[in-house]
Amino acid sequence: SQNWIPHDYGYNILATADPGGIVFTNGDNDTYPVWFQQEVKGFRKDVRIVNLSLANVDWYLKQMKRRGVPIELTDYQISQLMPVRIADGSVLKVADLAIRLILAGNAGRKLTLDRLYAPADSFAAWLFGPGYSEKQPVYFAVTVSDDNFVGLQSHLSFEGMLYRVTPGIRNKAVDIARTRRNLAEVYRFTGITDSTLYKDDNTQRITLGNYVVAHWQLAMALRQQAAATADPVQRRSLLEDALAQFTMAHRIMPDESAGIHWMGVVNAELGNYGAAVAHFKTVASRERDNPYAVAQVGVAYQQAGMLDSAEAYFRGILLRDPGNKVASERLYDLYLNAAKDPAKAAAVLEEWLRINPGDAGAAKMLSDLRKQRR
1 SQNWIPHDYG YNILATADPG GIVFTNGDND TYPVWFQQEV KGFRKDVRIV NLSLANVDWY
61 LKQMKRRGVP IELTDYQISQ LMPVRIADGS VLKVADLAIR LILAGNAGRK LTLDRLYAPA
121 DSFAAWLFGP GYSEKQPVYF AVTVSDDNFV GLQSHLSFEG MLYRVTPGIR NKAVDIARTR
181 RNLAEVYRFT GITDSTLYKD DNTQRITLGN YVVAHWQLAM ALRQQAAATA DPVQRRSLLE
241 DALAQFTMAH RIMPDESAGI HWMGVVNAEL GNYGAAVAHF KTVASRERDN PYAVAQVGVA
301 YQQAGMLDSA EAYFRGILLR DPGNKVASER LYDLYLNAAK DPAKAAAVLE EWLRINPGDA
361 GAAKMLSDLR KQRR
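Read in the numbering used here, the sequence shown has 348 at position 348, and its numbers run on one by one without any break.
Any given hint could be a false lead.
[Stated by the list, open to error] Simulated crosslink set (BS3-like; lysine-lysine; CA at most 27 angstroms straight-line): (1) LYS364 / LYS340; (2) LYS41 / LYS65; (3) LYS93 / LYS62; (4) LYS93 / LYS135; (5) LYS65 / LYS93; (6) LYS41 / LYS93; (7) LYS340 / LYS325; (8) LYS65 / LYS135.
[Said to hold, decoys possible] Now the in silico label distances, taken between C-beta atoms and shown as ranges: (9) ASP75 / ASP201: 37 to 43 angstroms; (10) ARG205 / ILE169: 28 to 34 angstroms; (11) ASN202 / SER309: 52 to 58 angstroms; (12) TRP59 / ASP18: 27 to 33 angstroms; (13) VAL91 / ASP289: 36 to 42 angstroms; (14) ARG315 / ASP147: 45 to 51 angstroms; (15) LYS281 / TYR132: 35 to 41 angstroms; (16) ASP194 / ARG315: 41 to 47 angstroms; (17) GLN234 / LYS371: 41 to 47 angstroms; (18) GLN234 / GLY274: 22 to 28 angstroms; (19) LEU319 / VAL233: 39 to 45 angstroms; (20) ALA87 / PHE43: 41 to 47 angstroms; (21) GLN234 / PHE43: 34 to 40 angstroms; (22) GLY20 / ARG205: 28 to 34 angstroms.
Everything labelled a hint here was simulated from the structure, so no lab data went into it.
In this text, all values refer to a predicted model and were calculated from it rather than measured experimentally.
From the three backbone atoms N, C-alpha and C, an ideal C-beta is built for every residue, glycine too.
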């Protein structure tokens, strides 16, 4: 077979981890490719994988302990673990207890029953409190459900295929340097853009979907950096990098309209209005029932200073669909804030209220606008 996508997916998860890392995975789809890489290819056997689907059974946790995962319990104590309802009313599964045991053991923390069964936020505050020092880096695969790291979300840093557990507050923020390096230099993507290669639902949803999200996450972080910099040259460089990430995501999943939308947004931010309009038109043609997607073309015209084109575009929507509230709002904004023509803005509201006489919000806007014009 020429399908190397699962092969590379396992490689990329392992390649994200630093030496000796402990990686929590979700289930079959994100674990079998990793096991193949380790057991068949001999790649990154230093990384210890903890499959959270299996972590609910005692034999697996005992096996993990023998393989060096820091679980500071005897085999008998492991056998006694069971789901428990704690003081805040939430239920901790055995896998949840295993996560706490491993994190505490890796940090050299002595874990009493009170701490093991503490509410999530209290456990995290104790674990990451003064003196925290991890023996090995710990990660969660991006496929792991948020339910598995309740209380830990603020201590996760995004690095591509994995979230790294950190003592500092990160709130799943993107580690730009690591994620960029992983996507550009470390990861393998054999065949992911090959349109002749059959990709089943799991491949599309899990593997390719997570690659797309990684590029999107990095792109969004780069846009945030660009917005925060006063240097126009650096700002443009960051936005161009963000556009490259969105473009790569689009190449991976060309049928995903959201990626095309963001390519339009960043092109507009770069002043490439022709490209922005083209992208938004593509999205509008795909998402005809989404009034926001359809109206975005006119917004791009407005951003480009092409007010006549924006006006004609919004008017065209309203001619076909007089009850399109989004187009009406965008046309109102165009007249009031871009064209500085409050009379035309008022006319838009009047026409809207003729069709929708019960819209109290629009009526108040019209009343306020008339008062300002006196």
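Original post:
Quick check: which numbered hints come out false for this structure?
Top reply: Violated hints (numbers, rising): 6, 11, 15; every other hint is consistent with the structure.
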